[in-house]
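A.B. asks: Protein chains in written order, with the working numbering: chain B, 329 to 660; chain D, 329 to 660.
Please note that a few of the clues may not be correct.
Below 16 Å or equal to it, Euclidean Cα-Cα: the simulated EDC-like pairs (lysine to aspartate or glutamate) are [to be verified]:
hint	chain 1	residue 1	chain 2	residue 2
1	B	K528	D	E417
2	D	K535	B	E417
3	B	K402	D	E347
4	D	K525	B	E417
5	D	K528	B	D596
6	B	K535	D	E347
7	D	K402	B	E347
8	B	K525	D	E417
9	D	K411	B	E331
Think of the hints as simulated: they come from the structure by calculation, not from any bench.
Protein chains: 2
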Amino acid sequence: MPELRQNLLTREWVIIAKERARRPEEFKSKKEKKELPEYKKECPFCPGNEKMTPYESFTIQEKKGWKVRVIPNKFPALASEGKRDRHIEGIHRFMSGVGIHEVIIESPLHNLTTALMPVEDVRNILVAYRERYLKILKDERIEMIIIFKNHGESAGTSLEHPHSQLIGTPLVPTMIRYRNEEAMRYFDDTGECVGCKIIKEELTARKRIVWESEYFVAFIPYGAYSPFHTWLFPRRHVSSFGSILDKELEDLASVLKTVLAKLYHGLDDPDFNYCIRSIPSDIGQMDYLHWYISIIPRLTRTAGFELGSGMFINTSVPEESAGFLREMNIPY
Amino acid sequence: MPELRQNLLTREWVIIAKERARRPEEFKSKKEKKELPEYKKECPFCPGNEKMTPYESFTIQEKKGWKVRVIPNKFPALASEGKRDRHIEGIHRFMSGVGIHEVIIESPLHNLTTALMPVEDVRNILVAYRERYLKILKDERIEMIIIFKNHGESAGTSLEHPHSQLIGTPLVPTMIRYRNEEAMRYFDDTGECVGCKIIKEELTARKRIVWESEYFVAFIPYGAYSPFHTWLFPRRHVSSFGSILDKELEDLASVLKTVLAKLYHGLDDPDFNYCIRSIPSDIGQMDYLHWYISIIPRLTRTAGFELGSGMFINTSVPEESAGFLREMNIPY
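Could you build all of it, start to finish, from the sequences and the hints given here?
C.D. replies: In structure tokens:
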């Protein structure tokens with residue numbers, strides 16, 4: 329019989345379709361493998377083509393050239409110039425679409441991907457994330473910063489060159505408010521941060537752990553929305569990604585690389601998204617909010633039921649997927 | 329500059345990416361056109377193959393054979409037999425996956441689609457929806473009934489034979505609770521049903537109307553989440569789809585067919601989902617809840633930003649898309 333599980337963090341229920349569930353290895357990507365070149369003349373993100381992109385807001389430079397470049401998105405979803413203006417006309421509320429939309433070019437190499445990068449390179453990407461996060465936090469127009477990655481077509485990108493993005497929005501999205509409120513209610517009811525509680529339970533149960541390190545724990549949540557949906561939680565209770573310490577950042581680089589490499593080797597380079605779930609800009613350290621990273625392999629499609637109910641049907645069993653990833657050896 | 333608009337019904341904000349917006353005709357489906365046969369020997373939904381599917385829970389029969397068949401899903405997301413059991417183990421809450429999962433086979437013809445059906449056939453589908461909705465409402469294990477359609481691969485189906493689905497869940501999904509609460513707050517603040525208010529405003533503005541009839545209004549919402557996202561609202565304030573009257577149902581058949589035909593001819597048979605947004609089973613007629621149908625063409629992909637923020641970036645302008653559909657003539 330299928331099972332319904334509550335995702336404690338969001339309070340949303342998920343259908344774990346046990347009978348329809350596929351074995352972990354059945355989720356292997358079926359996309360055609362393309363051998364990509366290290367350099368592509370026409371790629372705007374490849375070295376030598378810097379003039380094809382807007383000016384840099386941040387760069388990590390080495391003797392041989394840049395390692396990471398952060399640039400404004402050439403086709404931004406939100407405009408960086410302009411005032412944050414709210415308008416009300418009858419029942420309609422609207423505002424100027426100001427914000428920040430940046431692209432983090434993760435490597436000079438066209439064909440590299442996080443899973444195959446030296447840990448040092450992943451660290452550089454995280455340094456760029458933190459740098460831009462802390463800088464944009466000071467922009468008074470910005471209420472929320474979302475850092476995310478789209479890898480592969482099912483994940484919403486057709487650009488091959490490894491990159492991620494940052495969008496700063498001039499308001500706090502409704503979903504973020506709802507989730508923070510649920511975390512606050514959990515804290516009010518139990519006196520504990522729900523994130524801290526979940527980590528503690530996962531480390532005791534040990535059924536869904538994918539990887540752990542000194543400062544981070546990676547696991548598949550009990551109420552995972554979709555196959556191989558994975559969370560990376562800092563052990564230390566801290567609300568904002570911007571507060572990550574150097575030693576934690578160093579450690580996170582290795583954890584992120586390891587988990588993505590397990591997915592890469594285990595499922596043949598599946599398309600995926602990840603995003604950093606941090607707090608709104610105007611919120612400081614809160615006893616009830618815990619930042620984390622959510623990795624979402626795009627192995628299935630949402631359909632009418634998900635749109636109609638907001639609920640997900642997960643056709644995998646979290647414990648099985650976690651076991652598969654835990655045992656997946658990756659070359660170093 | 330892009331614009332942020334609030335979707336009044338859900339209180340969620342949407343980025344209308346005006347500069348990145350494509351012209352309505354640019355959203356035309358690029359999928360390869362397949363000529364489908366009227367009958368396919370191996371299709372379990374084609375007449376003559378009734379034995380390949382479970383027993384019917386409802387049929388509309390004519391002299392020549394059945395017009396619509398409702399059957400239990402052979403691979404259900406929720407099991408129809410069994411008790412609704414809740415369990416709490418430590419921090420984990422779970423329950424038995426009981427519920428209803430049915431398939432509505434919409435026509436005996438393998439290659440028909442709602443957009444091309446005689447209105448009479450669409451009426452039969454709606455009759456089946458109402459029939460099953462009212463019947464399942466009496467199942468005490470069921471808290472919410474979602475009726476939905478997946479058309480095409482991007483919408484989550486690979487089955488060609490025209491069909492839709494019904495899932496009855498043993499709990500009320502969190503998203504539904506949130507949305508109903510927002511509607512209640514709107515009512516408490518203004519004394520009006522937000523649905524009634526939106527219809528009134530759309531009929532005055534006339535900028536986003538796609539089609540209107542005696543009992544229904546079809547329009548693209550001011551804060552549409554995605555290109556050609558369309559709402560069909562009954563003019564009469566009524567909370568439950570199950571309360572639809574015969575004359576309204578007759579009228580809805582023609583409106584649904586018309587809107588889907590405009591999409592079919594205007595965008596070359598795009599993949600789409602639709603769902604009926606009704607109320608939880610334990611809620612009766614409420615002054616603040618208004619049922620409706622949401623049609624969501626699957627023309628773009630959600631990526632890391634949407635997953636991270638819960639916000640959508642709409643790369644079309646609702647007024648332009650509505651104008652395009654409004655003026656699209658369809659053969660009758």
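A.B. asks: Compare the structure with each hint and give your call.
C.D. replies: Checked hints:
no.	hint	verdict
1	K528/B <-> E417/D	holds (15 Å)
2	K535/D <-> E417/B	holds (15 Å)
3	K402/B <-> E347/D	holds (11 Å)
4	K525/D <-> E417/B	holds (14 Å)
5	K528/D <-> D596/B	violated (53 Å)
6	K535/B <-> E347/D	violated (48 Å)
7	K402/D <-> E347/B	holds (11 Å)
8	K525/B <-> E417/D	holds (14 Å)
9	K411/D <-> E331/B	holds (12 Å)
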